[in-house]
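Student: As a plain string of letters, each chain reads:
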Amino acid sequence: QNAKVSNATVAFLMPDQASTRYEEHDFPGFKAEMEKLCPTCKVIYQNADANVSRQQQQFNSAISQGAKVIVLDPVDSAAAASLVKQAQGQGIKVIAYDRPIPDAKADFYVSFDNQAIGKSIADSLVQHLKKANVTAGSGMGVLQINGSPTDAAAGLIKKGIHEGLDNSGYPILAEYDTPEWAPPKAQQWASGQITRFNKNILGVAAANDGTAGGAIAAFKAAGMNSVPPVTGNDATIAALQLIIAGDQYNTISKPSEIVAAAAANIAVQLMAGETPKPDTTLFNTPSKLFVPAVITAENLKAEIIDKKINTAEQLCSGRYAEGCKKLGITQ
Amino acid sequence: MTKGAEQNAQAAPLLDRRDERVKHAEGIGGAVRAFWDRIRSGDLGSLPVVVGLAIIWTVFQSLNPVFLAPNNLINLLFDCSTVGVIALGIVCILIVGEIDLSVGSVSGFASALVGVLWVNQGWPVSIAILAALLFGVLIGALYAVMFNRFGMPSFVATLAGLLSILGLQLYLLGSTGSINLPYEAPLVNFGQLLVMPDPVSYALAALPGIVMFVLGYRIAARRREAGLSPQPLTSLLLRCVLVTVVLEIIVYYLNLDRGIPWMFGLFVGLVVVMNYALTRTKWGRQMLAVGGNREAARRAGINVRFIYMTAFMLCSGLAAAGGILSAARLASASQQAGTGDVNLNAIAAAVIGGTSLFGGRGSAYSALLGIIVIQSIASGLTLLDLSSSLRYMITGAVLAIAVIVDSLARRSRASHGRA
Amino acid sequence: MTKGAEQNAQAAPLLDRRDERVKHAEGIGGAVRAFWDRIRSGDLGSLPVVVGLAIIWTVFQSLNPVFLAPNNLINLLFDCSTVGVIALGIVCILIVGEIDLSVGSVSGFASALVGVLWVNQGWPVSIAILAALLFGVLIGALYAVMFNRFGMPSFVATLAGLLSILGLQLYLLGSTGSINLPYEAPLVNFGQLLVMPDPVSYALAALPGIVMFVLGYRIAARRREAGLSPQPLTSLLLRCVLVTVVLEIIVYYLNLDRGIPWMFGLFVGLVVVMNYALTRTKWGRQMLAVGGNREAARRAGINVRFIYMTAFMLCSGLAAAGGILSAARLASASQQAGTGDVNLNAIAAAVIGGTSLFGGRGSAYSALLGIIVIQSIASGLTLLDLSSSLRYMITGAVLAIAVIVDSLARRSRASHGRA
Amino acid sequence: MDRTQEQRSTREPVLSLRGISKHFGAVSALTDIDLDVHAGEVVALVGDNGAGKSTLVKILAGVHQPSSGSITFRGKPVTLADPSAALGLGIATVFQDLALCENLDVVANIFLGRELSPYRLDEVYMELKAWTLLNELSARIPSVREPVASLSGGQRQTVAIARSLLLEPKLILLDEPTAALGVAQTAEVLDLIERVRDRGLGVIMISHNMEDVRAVADRIVVLRLGRNNGVFEPDASNQELVSAITGAANNSVSRRASRRRAQSAQAPAPEGRP
Amino acid sequence: MDRTQEQRSTREPVLSLRGISKHFGAVSALTDIDLDVHAGEVVALVGDNGAGKSTLVKILAGVHQPSSGSITFRGKPVTLADPSAALGLGIATVFQDLALCENLDVVANIFLGRELSPYRLDEVYMELKAWTLLNELSARIPSVREPVASLSGGQRQTVAIARSLLLEPKLILLDEPTAALGVAQTAEVLDLIERVRDRGLGVIMISHNMEDVRAVADRIVVLRLGRNNGVFEPDASNQELVSAITGAANNSVSRRASRRRAQSAQAPAPEGRP
Ligand SMILES: Nc1ncnc2c1ncn2[C@@H]1O[C@H](COP(=O)(O)OP(=O)(O)OP(=O)(O)O)[C@@H](O)[C@H]1O
Ligand SMILES: Nc1ncnc2c1ncn2[C@@H]1O[C@H](COP(=O)(O)OP(=O)(O)OP(=O)(O)O)[C@@H](O)[C@H]1O
Ligand SMILES: [Mg+2]
Ligand SMILES: [Mg+2]
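Protein chains in written order, with our numbering: chain D, 209 to 539; chain P, 21 to 439; chain R, 21 to 439; chain E, 9 to 282; chain L, 9 to 282.
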């Protein structure tokens, strides 16, 4: 595409393993687009496993290897500021990816907004409850299960969920920051709340699919067959299957490949010395934002199967076949 | 024989009662007095941990009356079983004076393996479980080889294992992230729902007392025959009745709600078997000997390498078993399984229960006691609405309090010359 | 005196050369032969770890030539310094045979405290740093009290500390999340940019050789005077020249790029001071004695409680220092700081470097060596494009290989009767 | 011997124990022990295995606390709360289990707790002093820079004895100091005890070797099953001592002696004492 | 004694060492040691501290491997790769450092590695047997159910000796078995050695007590600085033995003896040997 851009090195630095999306969707999407735009370019991929220091190490090593553009999904948005400054001091462009870097002006920001995701999780739950004419009687309400207390992204989602729930008319009975996003912890906590509140739990707003699965397991283990609506996030196969089986209410599907491709596009433009066109400006940074989709049983086929994010075979194995039929995914 | 011994022989005292410097307890009064003496001198076994536990329970109960509700206690028992099995393995490895940092990873990988083989590949569940257990045992054997052949410190070998196996787990689940186990499967039911029918639980609760009595009676008879002091029948009876009554009350209380989980039954069964193996078999004796003084054990002709091999294999094998149980409990195998504080919790349970980190001292029951302490704290805090910062602080503080009681008792014991 | 001794006295052999069973090395040839003997019998100090390191470096360099580029090595040195300081504290606590699991939390809290006090509250940075260090030292004192007064096992006490202090850290940062340290501040520059001017670094690299020679010369003179065998001057000179040449080459190479980070200089300085304190002061001798045989140390009139107190205080204090350095390195104080693998890495560094987990054996240099091994693996792997799962697996494998070399050497040493 | 006897009657004892008892759980290791040691006097403490000798020494060294009873040292009642208290009063002890740090070398062990120039250990001086002390005890130690773990049993015992010589004590407690020593080293230690006595120090020595005991002791105190069982002069007969120790005139020692006497009646008796 | 001497000449030795050397780093603990032990013979191994006696015993027990040299046991060359190999051949050892597990009780220690009914330990029988063995050695142990850590030095030594009696060995190695024992227990152990010899077993005994050595040994082998330094008959004079051990006729023992002889010329000599 551009003669100036060849043999360049681009780094794609991802934050953690809390969901598989980075290795299963974001990086393949980025790589595919880069191969299209600049076949001779070299792409460095690293995942920091939720460790700030490791991300710094990976960032430095990307610079050592001569990266011209670094796409950074920061483990800690605040801490990333110094990385951005350091890179820009050496003439290296930084694209903030997925999570913003408010304290430093990155060269571009490509994302969906985690706080917005949190809000849509909550909104979807509230709408569902309202639609089902559930009213919060005395002592009734919803549970909120957040992500890891030491994870900045979890903090943003938590904020968003609060935004959606706080004035919804459904009080929060109890909320929990799940250490390490660990599903067993979420399960243990939810079990305790079930003992406490029993039938008064109208729904659960969980920050990702893992913790949602833990909550569902808790309800099942308490012998409840009708699980109240439980939200999720990340659209993992396991969660989609739970939705098909009717155990989970929703999840959030992020078009990661598309966003990653956009990031690749912008990276190539920056290397070529062009100025990519922003949609908007966030935190003083030219930005391109994408809207995640809330997936429920109703739109699962349309959003997941039809958009080829997952195939019917992946989802409809064994005992999910029946549910798939019901939703019209398979015949 | 000296004249003193001859004099004794005239009065025909029992073989082990010839030393006039030792006070012996006679009858029930004596037993009570001896017990009181032991309390004063701090030789209490696990009593202090139990006292610490009682304090924790009282406090949590007063803060939220749901805590001691049978339903919550039953949840507690379910949760205890998974990490408890891992802690049992840790007890084995601590007894020989080594450590295994990779139990978390092994448990996580085992759950992933069951998920992949059973759900994704469609293997029969029993084969998948066997494969996971086999994997655990093989990992343990690998550590043992590193330790025996290369003399690699177990801390480093198992740290390398922790990382590698975590990598394997991520790799195995790489494409899916987590795998749901079918809710209706017997394995998941076992981990989530299955409880003992009431008569079975009452019968099982009566068993320990009966076995204790029968064995105690037979041993007392044999000792009397051999010219050794037998345990007085009254005090034996007293203890058996006490144990039975306490257990039956607990069972009754829990049967008010769902009842005793089979999974907890499995855990306790493993503890009892392990306790038997450690205290009443040659192998167990040799484990303690190797942990206490490796060189002395070697000189006594013990196959020290074999003992380490069994200890590592048991530890990793039980870790894998714990992993399978927690997959069953969660009805899912995920990338997060076994990460986080599983390692620390399992080791801490063993240590809190009274197993020494330095080898040579420990019992299977310490895993049971320790995990109950840890899970009680976790469960109690779950019922209070706390921010995570407060939750961490309080967990730490409560843990400290639970152990201080025990430490103080041990301290007084040491100052009475019984280390 | 026996006739043998008298005969010896006639030939006037040196006091420590009277035993005819001991072979002594004479001259350079002898020194070389003695060195070869030592290699054969496996008495090699830290040589095996260095060999392991060399293997790792060669492999990584062949996989990606950027690895040994000065720029990458300088980054490596920056990264070593933060956890290295923590590992130095771990060495102290391991030497007395105890453990501190909370170094990660303490370091994280210290960085948070500096962030809050300095950036949010506007205190002078020096006071904020002092406050954080003080906090660390006080935490250590608290552990020591728990250990000395209540006899609480340090594993449990510091586990409780780990949780409580993590809670404190979350609480402190609760309202803000993370705090950015000003990028222009000297502290941040120190952690990210500041390197020694070339002349300074050359001079500092020459220092060890000179000091070694001067001290060695004076000691040799005194020994000769006292009738003890002195170290031969030639071999002393040889060693000093060797050390100086190696150091100067390293410095030259790194000065091709930015140069030696001051932060690394600080770390090495701390290591040297700690080494002096451990080997050449009464306190250090007593630390090793307490770690080797606590009861014997007590009977020798050593204030065992005081020694534990200093060990715990130093460990936590250095953990706080490491936390401040990593805040400077990151230019931010965050909720993640100190979580994750900081604990394990710090302990593993000390153990890989040769400090025993069981007390009584260890040196300050083990922290330096160990952390270089660990960070080399981490840095080497970041230069390869690997998925996380592969990275974990390879980290584990490489760690195992690095330590196996050392373990094999020790093993041969043990089989030669030098345990 | 007359000299010391005279001193003993006129002077206050350095150390005096009254009614010392010690229980370990259900076992009474010591019951109502009385003991006096005077300056310039060697008191030998003898008794069967497990008679409580080491327990008594440990109480005096501050290692154990007595369950009851009083200790008077140089006229003042004292409590020995820990070993440093005892060391501070001038009570040096060689323990039966030696109490050495196996991971440290010989020099470090000898100077443990008494290192000179605390901020800059004077290794040359300490090594010199260590060699001097060891040569005095005619020890054969290949190197003082090897960890104690590599020494032979007797070499370790010499190191432990050398340690106690470093102090300027008022009272020396020696718990079986010659048990593992060779003939030459034993002779040196006995000489040493006599020298120490002549410098006016009190010495308590424990030994199972009646020969050695009679050679240096001014008074022999017998413990049996944790109780005082008589005080003997060094010229008491072996027979007497052994019966006091074992608590019976007909004991394995006397039986063995008579058997051997009968056997070797025709064979020429080997040469007697050294 | 004539009986055994005769046996010795006609029969193959049970154990025969040729040219055994052992280096620890730069120290040669043993150099070219030759030694023969016949069935029904008690060989005493004597020598100064650090002469290498325990090292030799450890080599025979399979604890250390020799640096060079050959071992022949019952006519066949053997390598003792580890202690269980030695135990398997029928070599039982009482080590100088006892090698007990302090965390286990007396019964467990006595039966360590030789527990009966491995899947269901017969505690009653083992306790009974333990008491019997201990009584044979006239040990006074308050309880066999306490960990060995709480025993006195002599009590531990008795436990270690009791262990070696459990086996049916061909050869018993005793490394200073009576060092910490009381007079009665020592007599029992000497009796025991004689009984064992009469059952036709070979015994190697190490001791620093010339009295005991001469009482039971059929042959006395002297080591000095890791080398053979002569073989003596038990009726050799003390003088001879001590010079062979210390390597000089004028040694601390002889000096002390002559000094004492001069001192006590006027005082009545205390009664001789027990
Ligand atoms: N820490 C302890 N705990 C329990 N019992 C002990 C302890 N220390 C000593 N004893 C008991 O006290 C008694 C006396 O022991 P002590 O060591 O004083 O004997 P001793 O006279 O020194 O014997 P030996 O001559 O064998 O050294 C023994 O029966 C022993 O079992
Ligand atoms: N593991 C070892 N490492 C280094 N040197 C050793 C080791 N074991 C023994 N030695 C040395 O070998 C020599 C002989 O020791 P050994 O224990 O055999 O002496 P011993 O004759 O038994 O003396 P003792 O009468 O004191 O028991 C000693 O000088 C000792 O320092
Ligand atoms: Mg004693
Ligand atoms: Mg020896």
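Don't take each hint at face value.
[Stated by the list, open to error] Derived DEER-like restraints, expressed as beta-carbon distance ranges:
{"hint": "1", "chain 1": "D", "residue 1": "Gly-481", "chain 2": "P", "residue 2": "Val-165", "range": "54 to 64 Å"}
{"hint": "2", "chain 1": "E", "residue 1": "Asp-243", "chain 2": "L", "residue 2": "Ser-245", "range": "47 to 57 Å"}
{"hint": "3", "chain 1": "R", "residue 1": "Ile-147", "chain 2": "P", "residue 2": "Gln-81", "range": "19 to 29 Å"}
{"hint": "4", "chain 1": "E", "residue 1": "Gln-73", "chain 2": "L", "residue 2": "Asp-130", "range": "52 to 62 Å"}
[What the hints assert, rightly or not] Under the rule of at most 27 Å between Cα atoms (straight-line distance), these lysine-lysine pairs were calculated in the BS3-like manner:
{"hint": "5", "chain 1": "R", "residue 1": "Lys-302", "chain 2": "E", "residue 2": "Lys-84"}
{"hint": "6", "chain 1": "D", "residue 1": "Lys-509", "chain 2": "D", "residue 2": "Lys-293"}
{"hint": "7", "chain 1": "D", "residue 1": "Lys-239", "chain 2": "D", "residue 2": "Lys-327"}
{"hint": "8", "chain 1": "P", "residue 1": "Lys-43", "chain 2": "L", "residue 2": "Lys-178"}
{"hint": "9", "chain 1": "L", "residue 1": "Lys-137", "chain 2": "P", "residue 2": "Lys-43"}
{"hint": "10", "chain 1": "E", "residue 1": "Lys-137", "chain 2": "R", "residue 2": "Lys-43"}
{"hint": "11", "chain 1": "D", "residue 1": "Lys-276", "chain 2": "D", "residue 2": "Lys-338"}
{"hint": "12", "chain 1": "D", "residue 1": "Lys-533", "chain 2": "D", "residue 2": "Lys-327"}
{"hint": "13", "chain 1": "D", "residue 1": "Lys-338", "chain 2": "D", "residue 2": "Lys-534"}
{"hint": "14", "chain 1": "L", "residue 1": "Lys-84", "chain 2": "P", "residue 2": "Lys-302"}
{"hint": "15", "chain 1": "D", "residue 1": "Lys-244", "chain 2": "D", "residue 2": "Lys-276"}
{"hint": "16", "chain 1": "D", "residue 1": "Lys-327", "chain 2": "D", "residue 2": "Lys-313"}
{"hint": "17", "chain 1": "E", "residue 1": "Lys-178", "chain 2": "E", "residue 2": "Lys-84"}
{"hint": "18", "chain 1": "D", "residue 1": "Lys-339", "chain 2": "D", "residue 2": "Lys-496"}
{"hint": "19", "chain 1": "D", "residue 1": "Lys-516", "chain 2": "D", "residue 2": "Lys-533"}
{"hint": "20", "chain 1": "R", "residue 1": "Lys-302", "chain 2": "E", "residue 2": "Lys-178"}
{"hint": "21", "chain 1": "D", "residue 1": "Lys-509", "chain 2": "D", "residue 2": "Lys-485"}
{"hint": "22", "chain 1": "D", "residue 1": "Lys-250", "chain 2": "D", "residue 2": "Lys-293"}
Read the hints as simulated data drawn from the structure, not as lab findings.
Computed from a prediction, not measured in an experiment: that's the story for all the values here.
Every residue gets a Cβ at the ideal spot worked out from N, C-alpha and C, and that includes glycine.
Student: Would you check the hint for Lys-239(D) and Lys-327(D), treating anything up to 27 Å between C-alpha atoms as holding?
Tutor: The given pair, whose Cα atoms are some 31 Å apart, is violated under the 27 Å limit.
Student: Would the pair Lys-178(E) and Lys-84(E) pass a check requiring their Cα atoms to be no farther apart than 27 Å?
Tutor: holds (14 Å)
Student: Next pair to validate is Lys-533(D) with Lys-327(D); report whether the Cα-Cα distance is within 27 Å.
Tutor: Given that 27 Å is the threshold and the Cα spacing comes to 31 Å, the pair is violated.
Student: Would you check the hint for Lys-137(E) and Lys-43(R), treating anything up to 27 Å between C-alpha atoms as holding?
Tutor: holds (23 Å)
Student: Sort out whether Lys-293(D) lies within 27 Å of Lys-509(D), counting only the CA atoms.
Tutor: Measuring from Cα to Cα gives roughly 44 Å; hence the hint is violated.
Student: Lys-516(D) and Lys-533(D): Cα distance at most 27 Å?
Tutor: holds (18 Å)
Student: For the pair supplied as a hint, Lys-84(L) and Lys-302(P), is the alpha-carbon distance within the 27 Å limit?
Tutor: violated (32 Å)
Student: Under the criterion that the straight-line Cα-Cα distance not exceed 27 Å, is the pair Lys-244(D), Lys-276(D) satisfied?
Tutor: Within the cut-off at roughly 18 Å; holds.
Student: Taking only the CA atoms, is the gap from Lys-43(P) to Lys-178(L) under or equal to 27 Å?
Tutor: Violated. Lys-43(P) to Lys-178(L) sits at ~42 Å, over the 27 Å cutoff.
Student: That 54 to 64 Å hint for Gly-481(D) and Val-165(P) (C-beta), does it hold up?
Tutor: holds (58 Å)
Student: Does Lys-43(P) sit within 27 Å of Lys-137(L), going by the straight-line distance between their CA atoms?
Tutor: holds (23 Å)
Student: Holds or violated: Lys-276(D) with Lys-338(D), Cα cutoff 27 Å?
Tutor: violated (51 Å)
Going through the hint list in order, the structure does not satisfy hints 2, 3, 4, 5, 6, 7, 8, 11, 12, 14, 18 and 21.
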